[in-house]
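A.B. asks: Given the sequences, and given the hints that come with them, work out the whole structure.
If you read the protein sequences in the order shown, they are chains G, Z and U. Residue numbers for the first sequence, in my numbering: 1 to 631. Residue numbers for the second sequence, in my numbering: 1 to 99. Residue numbers for the third sequence, in my numbering: 1 to 308.
None of these hints come from the bench; they were simulated from the model. Mixed in with the good hints, there may be bad ones.
[As the list claims (entries may be wrong)] 27 angstroms max Cα-Cα, derived DSSO-like pairs, lysine-lysine: (1) Lys99/U to Lys601/G; (2) Lys99/U to Lys40/U; (3) Lys170/G to Lys564/G; (4) Lys371/G to Lys444/G; (5) Lys103/U to Lys601/G; (6) Lys162/G to Lys365/G.
All figures in this text were calculated on a predicted structure; none of them were measured in a lab.
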Amino acid sequence: MENLIGLLVAVPLLGAALLLCGGRRLDGKGHYIGTVLAAASFAIGAVLFADMLGRGEHDRALHSKVFSWIPVGGFRADVAFQLDQLSMTFVLLITGVGTLIHIYSIGYMEHDERRRRFFGYLNLFLAAMLLLVLADNYLLLYVGWEGVGLASYLLIGFWQHKPSAATAAKKAFIVNRVGDVGLSIAIMLMFTTFGTFAFAPVLSNAGDAGEGKVTAIGLMLLLAACGKSAQVPLQSWLGDAMEGPTPVSALIHAATMVTAGVYLITRSGAIFNAAPDAQAAVVAVGAVTLLFGAIVGCAKDDIKKALAGSTMSQIGYMILAAGLGPIGYVFAIMHLVTHGFFKAGLFLGAGSVMHAMNDEVDMRKYGGLRKYMPVTFVTFGLGYLAIIGFPGLSGFWSKDKIIEAAFAKGGTEGWILGGAALLGAAITAYYMTRVMLLTFFGEKRWVPDEEGHEPHPHESPSSMTIPMIVLAVGSVFAGGLFSLNDAFLKWLEPVTGHSHGDSPLSAAAVTGGTMVVLLIGVALAWAQYGRRPVPRTAPRGSLLTRAARRDLLQDDFNHVALVKPGQYLTRGLVYVDHKLVDGVVNGTAASVGGLSGRLRKLQNGYARTYAVSMFGGTAVLIAATLLMRAV
Amino acid sequence: MNPVNYLYLAALLFTIGAAGVVIRRNAIVLFMCVELMLNACNLAFVTFSRLHGNLDGQIIAFFTMVVAAAEVVVGLAIIVTIFRSRHSASVDDASLMKL
Amino acid sequence: MSGGALAAAASTTSTGEALQFWVLGTVAVIGALCTILMRKAVHSALCLAGTMIVLAVFYLANGAYFLGVVQIVVYTGAIMMLFLFVVMLVGVTAADSLKETLKGQRWLAALCGLGFGILLCAGIGNASLTTWNGLGQANSGGNVEGLASLIFTKYVFAFEITGALLITAAVGAMVLTHRERTERARTQREQSEARVRSGRNVPPLPAPGVYARHNAVDIPGLLPDGTPSDLTVNATLRGRGQIRDVSSEALAELAALEQRSQRWLGRKGNGTGKPSGGAGKPGASENGENGEDGESAGSAPNPRGVAK
Numbered sequence: 001m002e003n004l005i006g007l008l009v010a011v012p013l014l015g016a017a018l019l020l021c022g023g024r025r026l027d028g029k030g031h032y033i034g035t036v037l038a039a040a041s042f043a044i045g046a047v048l049f050a051d052m053l054g055r056g057e058h059d060r061a062l063h064s065k066v067f068s069w070i071p072v073g074g075f076r077a078d079v080a081f082q083l084d085q086l087s088m089t090f091v092l093l094i095t096g097v098g099t100l101i102h103i104y105s106i107g108y109m110e111h112d113e114r115r116r117r118f119f120g121y122l123n124l125f126l127a128a129m130l131l132l133v134l135a136d137n138y139l140l141l142y143v144g145w146e147g148v149g150l151a152s153y154l155l156i157g158f159w160q161h162k163p164s165a166a167t168a169a170k171k172a173f174i175v176n177r178v179g180d181v182g183l184s185i186a187i188m189l190m191f192t193t194f195g196t197f198a199f200a201p202v203l204s205n206a207g208d209a210g211e212g213k214v215t216a217i218g219l220m221l222l223l224a225a226c227g228k229s230a231q232v233p234l235q236s237w238l239g240d241a242m243e244g245p246t247p248v249s250a251l252i253h254a255a256t257m258v259t260a261g262v263y264l265i266t267r268s269g270a271i272f273n274a275a276p277d278a279q280a281a282v283v284a285v286g287a288v289t290l291l292f293g294a295i296v297g298c299a300k301d302d303i304k305k306a307l308a309g310s311t312m313s314q315i316g317y318m319i320l321a322a323g324l325g326p327i328g329y330v331f332a333i334m335h336l337v338t339h340g341f342f343k344a345g346l347f348l349g350a351g352s353v354m355h356a357m358n359d360e361v362d363m364r365k366y367g368g369l370r371k372y373m374p375v376t377f378v379t380f381g382l383g384y385l386a387i388i389g390f391p392g393l394s395g396f397w398s399k400d401k402i403i404e405a406a407f408a409k410g411g412t413e414g415w416i417l418g419g420a421a422l423l424g425a426a427i428t429a430y431y432m433t434r435v436m437l438l439t440f441f442g443e444k445r446w447v448p449d450e451e452g453h454e455p456h457p458h459e460s461p462s463s464m465t466i467p468m469i470v471l472a473v474g475s476v477f478a479g480g481l482f483s484l485n486d487a488f489l490k491w492l493e494p495v496t497g498h499s500h501g502d503s504p505l506s507a508a509a510v511t512g513g514t515m516v517v518l519l520i521g522v523a524l525a526w527a528q529y530g531r532r533p534v535p536r537t538a539p540r541g542s543l544l545t546r547a548a549r550r551d552l553l554q555d556d557f558n559h560v561a562l563v564k565p566g567q568y569l570t571r572g573l574v575y576v577d578h579k580l581v582d583g584v585v586n587g588t589a590a591s592v593g594g595l596s597g598r599l600r601k602l603q604n605g606y607a608r609t610y611a612v613s614m615f616g617g618t619a620v621l622i623a624a625t626l627l628m629r630a631v
Numbered sequence: 001m002n003p004v005n006y007l008y009l010a011a012l013l014f015t016i017g018a019a020g021v022v023i024r025r026n027a028i029v030l031f032m033c034v035e036l037m038l039n040a041c042n043l044a045f046v047t048f049s050r051l052h053g054n055l056d057g058q059i060i061a062f063f064t065m066v067v068a069a070a071e072v073v074v075g076l077a078i079i080v081t082i083f084r085s086r087h088s089a090s091v092d093d094a095s096l097m098k099l
Numbered sequence: 001m002s003g004g005a006l007a008a009a010a011s012t013t014s015t016g017e018a019l020q021f022w023v024l025g026t027v028a029v030i031g032a033l034c035t036i037l038m039r040k041a042v043h044s045a046l047c048l049a050g051t052m053i054v055l056a057v058f059y060l061a062n063g064a065y066f067l068g069v070v071q072i073v074v075y076t077g078a079i080m081m082l083f084l085f086v087v088m089l090v091g092v093t094a095a096d097s098l099k100e101t102l103k104g105q106r107w108l109a110a111l112c113g114l115g116f117g118i119l120l121c122a123g124i125g126n127a128s129l130t131t132w133n134g135l136g137q138a139n140s141g142g143n144v145e146g147l148a149s150l151i152f153t154k155y156v157f158a159f160e161i162t163g164a165l166l167i168t169a170a171v172g173a174m175v176l177t178h179r180e181r182t183e184r185a186r187t188q189r190e191q192s193e194a195r196v197r198s199g200r201n202v203p204p205l206p207a208p209g210v211y212a213r214h215n216a217v218d219i220p221g222l223l224p225d226g227t228p229s230d231l232t233v234n235a236t237l238r239g240r241g242q243i244r245d246v247s248s249e250a251l252a253e254l255a256a257l258e259q260r261s262q263r264w265l266g267r268k269g270n271g272t273g274k275p276s277g278g279a280g281k282p283g284a285s286e287n288g289e290n291g292e293d294g295e296s297a298g299s300a301p302n303p304r305g306v307a308k
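C.D. replies: Structure, rendered in structure tokens:
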């Protein structure tokens with residue numbers, strides 16, 4: 001069984017290698033190869049899952065050392081895999097949702113001549129992400145982490161002929177680098193503190209290492225998570241990443257990439273448990289991001305960007321939950337999985353809508369699509385209900401638990417966090433209802449595209465609708481299934497641990513409150529977008545709206561706070577380089593030159609001068625000879 | 001008197017010749033100074049021959065004369081050539097080696 | 001020289017040799033100093049020749065009879081003559097300026113020379129030679145024979161190589177001084193045509209004037225109007241400013257002669273009196289023309305009496 005773990009990573013990696021190196025010969029069947037290999041990976045995952053279920057609760061974890069990677073003195077790095085319940089969850093999510101997105105892409109990318117390459121990148125993405133979640137040490141995890149960054153760069157910039165896509169890819173990559181630096185520093189700190197970076201020894205010794213060091217490691221890990229998971233302050237890349245093809249957005253937002261940060265924090269739970277300050281920072285980041293993303297999501301007219309805001313917000317929920325410690329780890333992962341289902345469904349639905357509307361992304365130019373695209377409407381609608389936490393659907397079960405856990409943190413902190421989570425739930429209901437209403441209800445506000453083609457909305461081909469249906473089913477039932485008998489809790493508890501905390505409110509009260517804010521959000525959205533016609537061009541809006549349209553000024557902030565100082569620093573350094581460094585260098589050169597110029601005068605071309613030096617030299621030689629004799 | 005005095009004389013003549021090489025500009029005079037130096041050497045050789053009681057020193061002096069003759073022939077030819085093209089026998093004028 | 005005797009080792013030379021050394025040594029040093037201090041290359045060469053002769057004597061004194069002779073024959077006789085030839089070629093009158101043009105050269109030369117000389121003398125003194133062998137034994141079969149036996153046995157290869165060296169030097173000197181003719185030599189016809197075309201007067205230049213006291217190449221001939229013509233005098237004399245212009249003085253003499261002869265003919269007064277001013281003048285100018293004729297014809301009756 002252990003050998004299968006390596007295969008999990010190897011299969012999509014093989015796919016990537018085949019498709020990227022295979023050349024034109026594979027153009028016709030590349031997408032099938034990619035999809036089949038992704039599905040094969042899922043099948044392996046399923047086999048391993050079945051195997052794992054067959055074992056006892058406490059010996060479910062599997063280890064598999066493939067080879068010694070860097071054995072240098074006291075420094076040991078192995079390529080070794082660890083498959084426990086947490087990894088298993090991720091493996092199934094990644095391969096499952098990934099496979100569905102592969103299938104969807106077959107239809108979605110049908111007319112793209114670089115489809116083979118696209119599938120190669122998708123496979124690479126899966127492989128990197130699987131490596132990330134299967135690694136048994138932080139260094140190998142880092143490899144997967146960077147692989148994910150690379151694959152996301154390639155996929156976001158897939159339509160590289162568009163400058164905006166190329167820029168977005170670079171932006172994502174660079175912002176991610178900031179987080180990566182955090183991870184690499186964290187790994188170095190781990191090595192100096194624990195002498196190793198394998199999960200088991202690091203995590204079991206985290207409590208004894210001294211709080212200062214552990215806090216430092218925790219904060220660095222948080223920085224890494226912020227980068228990958230698009231959390232404040234490294235959130236700015238997510239919205240621009242929508243420049244990539246829609247399946248990529250789905251993959252990034254649902255199954256891979258952004259979940260990596262949550263995985264990292266959950267996996268490193270022991271470190272955060274030993275560092276309350278770092279944990280508080282995680283919580284703060286999560287709370288801020290969930291509101292930030294929600295507010296941004298409210299203001300965007302671009303359907304994908306609205307969904308991106310929502311992703312940011314939902315990941316914020318997960319980070320918040322993960323920051324709560326043992327109270328929240330399980331729910332963070334549970335929300336991650338359910339979110340994987342409904343967010344993938346939503347993105348695929350959005351892609352389907354765009355596909356039908358000549359790649360139009362402005363929701364104000366949609367409207368009334370439910371009659372034309374029934375399958376998309378239903379699956380998108382189910383995803384919508386799931387994300388806002390409609391009772392009984394997936395999102396309800398997981399988000400409700402997170403809100404409960406936030407309150408359970410206790411004290412003022414608990415109230416603040418719980419309040420933020422509740423507020424987030426209300427805003428989520430608002431903006432998702434808005435998306436729903438603008439897209440599928442109301443009258444048609446369609447406009448012809450640049451070439452004058454009137455949109456003729458039609459249902460997407462089955463290769464696209466089937467994944468959407470599967471995901472919709474998942475969005476509906478996953479949460480309930482997980483919560484049945486606390487199955488998910490029991491499944492993950494051996495890995496992450498769990499505590500109930502002491503909630504000041506009963507579970508029923510929290511649920512009731514959630515329902516109330518949900519209704520308020522929906523009602524507000526209905527009042528604004530359902531009752532009266534929606535203008536095709538966005539009204540100017542309040543200050544907050546305008547700021548939110550600009551992603552709450554994140555880019556402006558980055559520009560002022562980072563880019564400008566960076567530019568000034570660079571200019572300063574250039575100045576220093578020109579004046580000081582070059583001055584020293586040129587000064588040295590000039591002084592050598594000047595000295596040479598003076599020395600050169602010795603070489604005046606007059607034979608007699610040379611004769612004098614010969615004469616003197618002979619005298620010196622004689623003197624030396626005499627001296628030697630005397631000695 | 002000790003024949004070593006001949007050696008002192010030779011040293012003196014050699015030094016005078018060397019100084020002449022250094023201070024005179026006229027190539028011909030310069031050559032004469034070189035000849036003077038060679039002759040001083042010859043005197044030293046001859047004296048050494050006497051001091052050692054064998055004729056090898058004289059042989060060396062003889063060869064020196066031959067070489068000096070050859071050197072003078074070529075050197076004067078060079079001087080004549082230079083004089084033809086530059087209308088000057090001053091060694092300072094032929095200072096094109098300097099930058 | 002022969003005072004070295006047949007003794008295996010000696011510690012002093014004869015008094016005669018010592019005297020000779022001090023006297024001739026002084027001469028040699030003075031000659032060397034003059035060689036480097038004389039402004040004219042030809043003087044330097046002569047001084048050097050003197051020094052070399054002194055050295056030849058010293059060779060003889062040191063038992064190197066062959067070398068002594070060779071020194072005089074080859075060095076002083078051949079090489080120094082070669083020097084003199086070149087000096088003549090370059091210009092015998094050219095005197096060098098002894099002003100030093102290179103900054104510090106003289107000081108450096110003095111410093112190096114002093115240091116070098118002192119160190120050399122120190123080295124010789126250091127050797128502390130008090131006894132020597134003398135050449136009595138080596139020269140017993142004759143100096144030339146001794147040298148010959150060495151040259152043609154022990155040093156035969158060096159000797160042959162010097163032969164090659166001399167040949168090479170001779171060839172080198174010829175190559176160096178040889179001037180390649182880059183254009184065809186002009187024929188006599190071409191030369192005469194060029195001469196005519198250049199506008200110079202083609203026939204021989206006019207003859208110089210004649211003055212009875214000597215053959216008078218330095219006296220210009222007079223033109224019909226009585227002015228002297230420079231063309232008639234050698235260019236070298238012209239260049240040196242050595243033309244003797246006697247025309248006006250000759251005219252005056254002629255005029256005086258005329259007067260005198262008139263006086264003689266007219267029997268007026270006695271011989272040596274001065275010519276009377278007023279009456280003689282127009283006649284003098286008339287006779288001047290006649291006198292000119294007379295002079296160019298070469299008949300000057302009695303110039304000696306009135307020599308300047």
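A.B. asks: Each hint: holds or not?
C.D. replies: Taking the hints in turn, this is what the structure says about them:
Annotation: proposed proximity of lysine 99/U to lysine 601/G holds, straight-line Cα distance about 21 angstroms (limit 27 angstroms). Pair hint lysine 99/U plus lysine 40/U holds up; C-alpha atoms about 14 angstroms apart against a cutoff of 27 angstroms. Using a Cα cut-off of 27 angstroms, the hinted pair lysine 170/G and lysine 564/G holds, with the two alpha carbons roughly 18 angstroms apart. Between lysine 371/G and lysine 444/G the alpha-carbon distance is near 11 angstroms, which keeps this suggested pair within the 27 angstroms criterion.
Using a Cα cut-off of 27 angstroms, the hinted pair lysine 103/U and lysine 601/G holds, with the two alpha carbons roughly 12 angstroms apart. A C-alpha spacing of about 22 angstroms is found between lysine 162/G and lysine 365/G, which places the hinted pair at or below 27 angstroms, so the restraint holds.
Violated hints are absent here; each numbered hint is respected by the structure.
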